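Protein chains: 2
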Amino acid sequence: MKILKINMGNLSVKEDLVTKYKRLGGRALTSKILHDEVSPTCHPLGPNNKLIFATGLLTGSGASSADRYSVGGKSPLTGGIKESNAGGISGLTLGKLGIRALVFENIREDFKIVHLSKNGVKFDDAAPILGKDLSEAASWIRGKYGKHVAVWLIGVTGEQKMNLAAIAGQDKDGHPTRYNGRGGLGAVAGSKGIKAIVLDASGVEKNRPKRKEEFKKSLKQYHGWLMETPATSKVLPEFGTASLVKTTNALGALPTRNFSIGVMEDYENISGEKLREIILERGGEGTPTHACMPGCIIRCSNVFSDKEGNRVTGPIEYENIGLLGSNLDISNLDDIADLNLLCNEYGIDTIETGGALGVLMAQNVIPFGDGKRAVEVLKEVKAGTPLGRIIGSGAEVIGKIYGTVHVPTAKGQTMPAYDPRAIKGLGVTYATSPMGADHTAGQTVRAQIDHHSPEGQVEVSKNAQTVNTIWDHLGMCMFSSGAVQGRWDILADLVSAYTGEEFTGEDIVAIANETLKVEHSFNRKAGFTKEHDKLSEYFYYEENKGSKTVFDVNQDELETIGVERNDL
Amino acid sequence: MKILKINMGNLSVKEDLVTKYKRLGGRALTSKILHDEVSPTCHPLGPNNKLIFATGLLTGSGASSADRYSVGGKSPLTGGIKESNAGGISGLTLGKLGIRALVFENIREDFKIVHLSKNGVKFDDAAPILGKDLSEAASWIRGKYGKHVAVWLIGVTGEQKMNLAAIAGQDKDGHPTRYNGRGGLGAVAGSKGIKAIVLDASGVEKNRPKRKEEFKKSLKQYHGWLMETPATSKVLPEFGTASLVKTTNALGALPTRNFSIGVMEDYENISGEKLREIILERGGEGTPTHACMPGCIIRCSNVFSDKEGNRVTGPIEYENIGLLGSNLDISNLDDIADLNLLCNEYGIDTIETGGALGVLMAQNVIPFGDGKRAVEVLKEVKAGTPLGRIIGSGAEVIGKIYGTVHVPTAKGQTMPAYDPRAIKGLGVTYATSPMGADHTAGQTVRAQIDHHSPEGQVEVSKNAQTVNTIWDHLGMCMFSSGAVQGRWDILADLVSAYTGEEFTGEDIVAIANETLKVEHSFNRKAGFTKEHDKLSEYFYYEENKGSKTVFDVNQDELETIGVERNDL
Numbered sequence: 001m002k003i004l005k006i007n008m009g010n011l012s013v014k015e016d017l018v019t020k021y022k023r024l025g026g027r028a029l030t031s032k033i034l035h036d037e038v039s040p041t042c043h044p045l046g047p048n049n050k051l052i053f054a055t056g057l058l059t060g061s062g063a064s065s066a067d068r069y070s071v072g073g074k075s076p077l078t079g080g081i082k083e084s085n086a087g088g089i090s091g092l093t094l095g096k097l098g099i100r101a102l103v104f105e106n107i108r109e110d111f112k113i114v115h116l117s118k119n120g121v122k123f124d125d126a127a128p129i130l131g132k133d134l135s136e137a138a139s140w141i142r143g144k145y146g147k148h149v150a151v152w153l154i155g156v157t158g159e160q161k162m163n164l165a166a167i168a169g170q171d172k173d174g175h176p177t178r179y180n181g182r183g184g185l186g187a188v189a190g191s192k193g194i195k196a197i198v199l200d201a202s203g204v205e206k207n208r209p210k211r212k213e214e215f216k217k218s219l220k221q222y223h224g225w226l227m228e229t230p231a232t233s234k235v236l237p238e239f240g241t242a243s244l245v246k247t248t249n250a251l252g253a254l255p256t257r258n259f260s261i262g263v264m265e266d267y268e269n270i271s272g273e274k275l276r277e278i279i280l281e282r283g284g285e286g287t288p289t290h291a292c293m294p295g296c297i298i299r300c301s302n303v304f305s306d307k308e309g310n311r312v313t314g315p316i317e318y319e320n321i322g323l324l325g326s327n328l329d330i331s332n333l334d335d336i337a338d339l340n341l342l343c344n345e346y347g348i349d350t351i352e353t354g355g356a357l358g359v360l361m362a363q364n365v366i367p368f369g370d371g372k373r374a375v376e377v378l379k380e381v382k383a384g385t386p387l388g389r390i391i392g393s394g395a396e397v398i399g400k401i402y403g404t405v406h407v408p409t410a411k412g413q414t415m416p417a418y419d420p421r422a423i424k425g426l427g428v429t430y431a432t433s434p435m436g437a438d439h440t441a442g443q444t445v446r447a448q449i450d451h452h453s454p455e456g457q458v459e460v461s462k463n464a465q466t467v468n469t470i471w472d473h474l475g476m477c478m479f480s481s482g483a484v485q486g487r488w489d490i491l492a493d494l495v496s497a498y499t500g501e502e503f504t505g506e507d508i509v510a511i512a513n514e515t516l517k518v519e520h521s522f523n524r525k526a527g528f529t530k531e532h533d534k535l536s537e538y539f540y541y542e543e544n545k546g547s548k549t550v551f552d553v554n555q556d557e558l559e560t561i562g563v564e565r566n567d568l
Numbered sequence: 001m002k003i004l005k006i007n008m009g010n011l012s013v014k015e016d017l018v019t020k021y022k023r024l025g026g027r028a029l030t031s032k033i034l035h036d037e038v039s040p041t042c043h044p045l046g047p048n049n050k051l052i053f054a055t056g057l058l059t060g061s062g063a064s065s066a067d068r069y070s071v072g073g074k075s076p077l078t079g080g081i082k083e084s085n086a087g088g089i090s091g092l093t094l095g096k097l098g099i100r101a102l103v104f105e106n107i108r109e110d111f112k113i114v115h116l117s118k119n120g121v122k123f124d125d126a127a128p129i130l131g132k133d134l135s136e137a138a139s140w141i142r143g144k145y146g147k148h149v150a151v152w153l154i155g156v157t158g159e160q161k162m163n164l165a166a167i168a169g170q171d172k173d174g175h176p177t178r179y180n181g182r183g184g185l186g187a188v189a190g191s192k193g194i195k196a197i198v199l200d201a202s203g204v205e206k207n208r209p210k211r212k213e214e215f216k217k218s219l220k221q222y223h224g225w226l227m228e229t230p231a232t233s234k235v236l237p238e239f240g241t242a243s244l245v246k247t248t249n250a251l252g253a254l255p256t257r258n259f260s261i262g263v264m265e266d267y268e269n270i271s272g273e274k275l276r277e278i279i280l281e282r283g284g285e286g287t288p289t290h291a292c293m294p295g296c297i298i299r300c301s302n303v304f305s306d307k308e309g310n311r312v313t314g315p316i317e318y319e320n321i322g323l324l325g326s327n328l329d330i331s332n333l334d335d336i337a338d339l340n341l342l343c344n345e346y347g348i349d350t351i352e353t354g355g356a357l358g359v360l361m362a363q364n365v366i367p368f369g370d371g372k373r374a375v376e377v378l379k380e381v382k383a384g385t386p387l388g389r390i391i392g393s394g395a396e397v398i399g400k401i402y403g404t405v406h407v408p409t410a411k412g413q414t415m416p417a418y419d420p421r422a423i424k425g426l427g428v429t430y431a432t433s434p435m436g437a438d439h440t441a442g443q444t445v446r447a448q449i450d451h452h453s454p455e456g457q458v459e460v461s462k463n464a465q466t467v468n469t470i471w472d473h474l475g476m477c478m479f480s481s482g483a484v485q486g487r488w489d490i491l492a493d494l495v496s497a498y499t500g501e502e503f504t505g506e507d508i509v510a511i512a513n514e515t516l517k518v519e520h521s522f523n524r525k526a527g528f529t530k531e532h533d534k535l536s537e538y539f540y541y542e543e544n545k546g547s548k549t550v551f552d553v554n555q556d557e558l559e560t561i562g563v564e565r566n567d568l
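Those sequence lines, one after another, are chains A and B.
Mapping of the first sequence onto the UniProt record's numbering: position 356 corresponds to residue 356, and the numbering continues sequentially without gaps.
Mapping of the second sequence onto the UniProt record's numbering: position 426 corresponds to residue 426, and the numbering continues sequentially without gaps.
If you are wondering where the hints come from, they were derived from the structure by calculation, not from laboratory data.
Just so you know, not all the hints are guaranteed correct.
For identical chains, the list gives no copy identity; a pair is met inside one copy or between any two copies.
Lysine-lysine pairs mimicking BS3-like chemistry, simulated, CA-CA at most 30 Å apart [to be verified]:
# : residue 1 : residue 2
1 : Lys-372   : Lys-382
2 : Lys-307   : Lys-216
3 : Lys-530   : Lys-517
4 : Lys-234   : Lys-372
5 : Lys-534   : Lys-517
6 : Lys-217   : Lys-206
7 : Lys-144   : Lys-172
8 : Lys-172   : Lys-147
9 : Lys-217   : Lys-246
Since we're looking at a predicted model, the values are computed, not measured.
Just chain A, same shape as in the assembly:
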């Protein structure tokens, strides 16, 4: 495997072997390269930031739910280190090309399509797809480069270097709807003039496990767990992530009306059950059970269709429902799907978008609950009007534009769909993760703990942060968590057999913890201190009337996470 470095300023390419980093993949690799090579105080959109794509250690191995990849860079949204990972087939294809990491350096004004194949790298003018919706751009790319290629794309928002711009990868059916959503990394790509990356692995020899028999044995065990665990074999395939709506609403944690309260009166209209019912009822192109990666056993994704059965968009995730639905007081799944569709067409993070619209609704710029109006206003993002630019800047910046304290963020990033006053372990994650408010950086919603109590949350979040980093290192989906968590030795066998490097269960945990240290170290050098390990202040003094709680986890205890991980 190699590391490919592309200088977008002069379009030069350099190839390194991964030698130094050979035990690192995914987030462990993006974060380590950022730590080693990027000045933490650089401007995220300036020439000194880098944008790094890296495959997980298991990506391409054939293990279920393990074809994920990471994108890393200094985030324009948080000002800190960022990693955002996704499934689909783009990371898989990068791995097929023998590339462990793809590092983009420098900036440029115009936009290029970067084409990677066994013949090397070429740069094409991106003008024909600038300003286009992502589905159209992806079609154009397939038309030009062949139906077999995989792509990464930024949308009109990335071209405009907006904070909520994401990077879209492609699912197994060719839709550019698998998202490196968080942290504004689409804007970093935009600053570097990367409109699209086309991955053509034709004619490349397949990666095979280094120790085939061992790998087969471990794989069987791993797949067996996935199939015998209810979450991965039944709940997620049937209801997808939206199965969480009922859970969080019952906890008073479903963000409603700009994170002012954690329950929604008509939550049943947006539940996973309702979503499944509608999709099945409408038939046609819709499906409640859809795999983003080939061979995934969990298949938590879905395709949502309209009343005529025509595909609208997909997937409708729990986060999308929480942020674009309840958070906006919208309880109509068709409206949510329309918003979701625009996010997918413009290349934007649904969470940050929901956060942005929520703050604007609380400021009476858009009426709460008015899905049609929200759709119209979101279209201004594409047009780049002043209001579109405002939405594109994300919730934290909008709070500054409108002078309001009611901004559901931590380290500048919008919270995912869990009110931290009601699921306090996630509050700890939001406050202490080097990633800012990000559930995938330390998900605690399924922990066996009283989520309303401040006790024990620091430990729960701290462990979850390590566990999530393990998935991000290996390229595994966090939904395998229920089946695999804690079985590190067997997982290590799987990784060892596939890569030929020796890993123990302890190694797997140690690399995750080391990665967190590397990230905390980067952030500290970027100017973060324990004072930044906080949520927006209102969560501490305004009660969530759904859960009847404020966020009251002991701050000194909470800060121990950052302190411990700051000793590099």
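With chain A held as given, fit chain B onto it using these hints.
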């Protein structure tokens, strides 16, 4: 002297003696109270911030150029401690009422007029003046409360809690044009529902020096210096601060086209000489020599009139010319006056406004050099349109909205009109002052040093920061600097005789340095580190072609300022 505390939440009033703080005035007092009473991580617009008005130790003494006062609070623009001071008669009148500090606590939704007189505090509904231009609001106040009152006011921008909202005090002629401009303190006032503060000192006995004869003697000496020093007796009265245009242009430090270069081809059209020529030629209500405070010998202010001799606005300061003129590529003083007028009517900081418009011009939202269009666009701030809101958020936030690295700020605040690549001592001040980019926090333009050289700038800035803090403590205008600087013993005699407290020259210096420590300490607890002691990154790698320099002061040496002052 007393400290008056007003809780704007429940409109309750508490009175304290200044005992604990009796040797502190102005900035020394606002910063100390903030340090002692405000949580550094609080939201600047939330209930836990305070807004403090404090008179300088010499305010009201009759000493020339010494009736200034400070306003302090945690800044929504920088996220750190803020002090902004101004002249005029409002601080003077607060002093007459026997109030050393006026502390506003808590927040409220509606707006009040806070009326202070010998009868105490009363609160009136501010509805009749909401949304009005400041000149109209001030007239209304005089009509209601009498022509003899002094006022502080916020404009439509403060009502909207915009980052560039300032607090306007009143000059000796009743115009609300003396500004606590920097740091968005008008937004803090807005968050607390303070639309206006009316100060009625009628029937109050005059403050007199505690030791009259000693005071008279020191005062004579001090006034003698002011009258014999060319800067204070000739240059500033004749040309005002605009005398600097030629100086900075010659240094390549006149910010031009969004701080991209430091020289302007037709700088002579906006020089102090040209300004004087136009004002004298037009006659009528205009004057090139105007005192903002009664009895001021320096009289650096001016009144600008139109071709018919009717007052347009005043003062046209160097900073206004640099930020609203050359920085926008506008070289027509009438256009600059029109922009200046709108700033005065809307209650906004001219520096931050010029910074905001400059970034927008560089993004092609407004054409560079188009004064008429700039005026039209600035009117959107009053209307609160999305573009108006964008302008109101200030340059740093606009940089995030438009995804650009070309933002002339330090700690979130727009730089005043000196390119830090060409006057490097000011670059050090911008980077290291607890106030962010602020020339009045450590002005080095008149230092005898090669301004293009990186050598010696740290020492020059460090000393200037102490000296500026001395003025801010005593309520003195920094323009007395040329005459008084270094003569601390005589100044101490003046203060001792007036207040009855004993001060030596060393005490005066020590209090200033202690104040800086208090401020650094606050900022450190707010999350600032040495990594924040930087300018926008582009100043380090993009050459100012006017001066042929980048900002290259040794960073380690520069950071010693913050380190030394961080030992509280």
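Outcome of the hint check:
1. Taking the shortest alpha-carbon separations for Lys-372 and Lys-382, both the intra-copy value of 17 Å and the inter-copy value of 29 Å come in at or below 30 Å.
2. Taking CA atoms no more than 30 Å apart as the test, Lys-307 paired with Lys-216 passes in neither setting, with 44 Å inside one copy and 89 Å between copies.
3. For the homomeric pair Lys-530 and Lys-517, the shortest alpha-carbon distances inside one copy (14 Å) and between copies (20 Å) are both at most 30 Å.
4. Proximity of Lys-234 and Lys-372 under a CA criterion of 30 Å is satisfied in neither setting, with 34 Å inside one chain copy and 65 Å between copies.
5. For the homomeric pair Lys-534 and Lys-517, the shortest alpha-carbon distances inside one copy (19 Å) and between copies (25 Å) are both at most 30 Å.
6. For a Cα distance limit of 30 Å, the shortest separation of Lys-217 from Lys-206 inside one copy, 20 Å, qualifies, whereas the shortest one across copies, 94 Å, does not.
7. For the identical chains of this complex, Lys-144 and Lys-172 are intra-copy neighbours only, at 19 Å inside a copy versus 73 Å across copies, given an alpha-carbon limit of 30 Å.
8. Taking the closest pair of Cα atoms, Lys-172 and Lys-147 come within 30 Å of each other only inside a single copy of the chain (12 Å); across copies the shortest separation is 76 Å, beyond that limit.
9. In this homomeric assembly, Lys-217 and Lys-246 never come within 30 Å of each other (Cα to Cα): the closest approach is 38 Å inside a single copy and 80 Å across copies.
Hint compliance for this structure: hints 2, 4 and 9 are broken, all remaining hints hold.
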